[in-house]
Amino acid sequence: MKDATASEPNLLAASGLSRRYRGGKGVFDVNLKLAPGEILGLMGPNGSGKTTLLRMLATAATPTSGGIKWFGNSNPRDPSVRRRLGIMLDQPAHFDQMTGYQNAWFFARQFGLSAQFARERLEELFNWSGLAEARDQLVAEYSLGMKRRLNLVEALVHRPAILMLDEPTLALDYRGELELIERLQLLTLTGTAVVMTTNDVHLVERLCDYVLFLHEGRLIREGRVPDLLSEVAGSKEVELQLNSPTSLDGLRELPGVEAASVEGDVVRVVLGPDANPARVLAVLSDTADLVSTMRVRRPTLGDVFLKLTGVTLPASRR
Amino acid sequence: MMLPATIWQREAIEFAQRRRALVIKLAFPLLIAIPLVLSGAPVIYAAMGITMLITIIGSIGAGAVLTRDRQSGLTLRYRTLPVTPGRLLLERLGSNAAIDFLQVLPILLLIWLRHPGTVAWWPALVMGTAAVLLIGNLLGAVASTVSDSPGEVMLYVVIPLLPLLFIAGVFTPATGPIWLAVTRLMPFSYLHEAVLGALAGSPTILPWEALLGAFGFLVGAAGLTGRLGRRVLEAE
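One line per chain: the protein sequences are A and B, in this order. For the first sequence, my numbering assigns the number 508 to the last residue and increments by one with no breaks. For the second sequence, my numbering assigns the number 868 to the last residue and increments by one with no breaks.
Honestly, the hints are just simulated from the structure, not real lab data. Fair warning: this is a prediction, and the values are worked out from it, not measured in the lab. Note that beta-carbon positions come from the ideal geometry of N, C-alpha and C, so glycine has one too. Please note that the accuracy of each hint is not assured.
[As the list claims (entries may be wrong)] So these bits of chain A aren't anywhere near chain B, every CB distance computed over 10 Å:
#1 Gly213
#2 Asn236
#3 Ala250
#4 Arg273
#5 Asp280
#6 Gln281
#7 Gln287
#8 Phe301
#9 Glu313
#10 Ser333
#11 Leu360
#12 His392
#13 Ala423
#14 Gly462
#15 Val481
#16 Val486
[What the hints assert, rightly or not] Rough simulated footprint, nothing fancy, chain A against chain B, three-plus residues with beta-carbon under 8 Å:
#17 634 to 640
#18 646 to 655
#19 706 to 719
[Said to hold, decoys possible] Only part of the chain A face toward chain B is listed, based on derived beta-carbon distances under 10 Å:
#20 Thr249
#21 Leu279
#22 Asp286
#23 Tyr291
#24 Gln292
#25 Phe296
#26 Ala308
#27 Glu310
#28 Ala324
#29 Leu334
#30 Glu412
The shape of chain A in the complex, shown without the other chains (with noise of 0.2 Å):
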């Protein structure tokens, strides 16, 4: 155990960490790095292992083989290594009958602020959250978006160096998630790194450095953006909404089309530079009763990850 140093640059390092549990889901022999002031994204499906590594990252779950260091410290108990991490998780769990302050108060003594700071840092977090007209109100009445901004505000106060942010923009508005977008990239210009699980492949395609693709608590892709976007370039999404479900026979079949999945009434086809959209509307109407909305877009991450494993990611959807 070693504070970081020049000749490890990283401030957090995992090698072949896995953590199984019973029914053989888990997350299996992932390797990471992360240097200061680099986002990572974590990437992949429901129940693709992305918050169960997030937790071990963050020193909420213990892994059943491999390590992990913190700024060269392997352990995760150590005060000094808890105190340079700011971490949201996905419940936005808090004390319900203390307010908003009061929570965020607690928070920031437990890690270390002198009252002084504490305050300081809080009016202007509060502030910049929009919570400040609500920091007097119990937790118990908080929306579930004032409870993730909350969570916002207690990861941030302390000035971490490592933000580990779980679904970051999971209930924010369209103002909040862009505040945050700027908050991020402000605080990477000062060294701070962060990982962050999601499957908004805009938020990643703007914010992130790095991304890790996860299936079945495998890390199947890694990489960073603009090169895994390079393999669908000029490429093209196609998505159509049905009035009633359908299969995807003969549809994979079709000259040009890279991958195909079906969700409910929601079909996504990513089609090779030649292809023509047309094709897969003329193949989709002899089995569909009728194609309600078709929509064609540039490729993202989300057909990056359809093209490897054949599942959507959820938030890719939209």
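Chain A is fixed; fit chain B onto it per the hints.
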């Protein structure tokens, strides 16, 4: 507005802010204790009732709260705080036990008002109450690791508690040297003896023996709480 800087302050503030729950918490032990202490019920039954009441108050509260915390995700948040699990559990259970002590304080005052002449038993009664409350909290905390709901945790607490109270001689006086020796291994027996003494009954040990026994269990429970921090807070 009171602002919590420590874990025990947070527990105390939340307790004080829940006014309705506060009134109920303080009133319900008195509803049971008043008839037991003031009605002239046989001392052996009054002592049994009060010992059981104090034990159950200590056991159920912490277990239910920790189970609810686990379900809501608060336990996960506690795990990421820069505090060692042992200290964290000790602070939480210690403050819970202190709040429980406030809850039973009116009962102790009632006994004092009714039997002011049994003052020699007071140190043992206070120490025995503190020890049983902390042990009860610890029992509840351990039970919370295998429970999925606050109702379930009550079941897991009461199932071992009743035979232990019996072995401690709370329900019927211990007879024979072996059983008597075994009762001395039970923390509840020292509280029971102190309650018997404070109610002007016939305890089988001296006040200083009850005080010493209770003190030993209090220190032991504090040490065990520190050691069980990881097991309780990091249980899946």
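Hints versus structure:
1. Gly213: Per Cβ check, A/Gly213 is outside 10 Å of chain B; nearest 13 Å; holds.
2. Asn236: Consistent with the label, A/Asn236 stays out of reach of chain B, its closest Cβ about 17 Å off (over 10 Å).
3. Ala250: Per Cβ check, A/Ala250 is inside 10 Å of chain B; nearest 5 Å; violated.
4. Arg273: A/Arg273 is in fact no farther than 10 Å from some Cβ atom of chain B, at 5 Å.
5. Asp280: The claim is violated: A/Asp280 sits with its nearest Cβ about 8 Å from chain B, within 10 Å.
6. Gln281: 3 Å, violated
7. Gln287: About 5 Å separates A/Gln287 from the closest Cβ of chain B, which leaves it inside 10 Å; violated.
8. Phe301: About 6 Å separates A/Phe301 from the closest Cβ of chain B, which leaves it inside 10 Å; violated.
9. Glu313: Per Cβ check, A/Glu313 is outside 10 Å of chain B; nearest 13 Å; holds.
10. Ser333: 16 Å, holds
11. Leu360: Nearest chain B Cβ is 14 Å from A/Leu360, so the label holds.
12. His392: 27 Å, holds
13. Ala423: It holds; A/Ala423 is separated from chain B by about 40 Å at its closest Cβ, greater than 10 Å.
14. Gly462: Answer for A/Gly462: holds, closest chain B Cβ roughly 44 Å.
15. Val481: 42 Å, holds
16. Val486: 41 Å, holds
17. 634 to 640: holds (count 6)
18. 646 to 655: Satisfied; 3 residues make the cut.
19. 706 to 719: Contact hint for the segment 706 to 719 of chain B vs chain A: holds, 10 residues under 8 Å.
20. Thr249: 6 Å, holds
21. Leu279: This hint holds: A/Leu279 lies near chain B, its Cβ roughly 6 Å from the closest one there, short of 10 Å.
22. Asp286: Cβ of A/Asp286 sits 8 Å from chain B, so the hint holds.
23. Tyr291: 7 Å, holds
24. Gln292: 6 Å, holds
25. Phe296: Holds, about 5 Å.
26. Ala308: 9 Å, holds
27. Glu310: 14 Å, violated
28. Ala324: 14 Å, violated
29. Leu334: 13 Å, violated
30. Glu412: Violated - the Cβ of A/Glu412 stays beyond 10 Å from chain B, reaching only about 25 Å at its closest.
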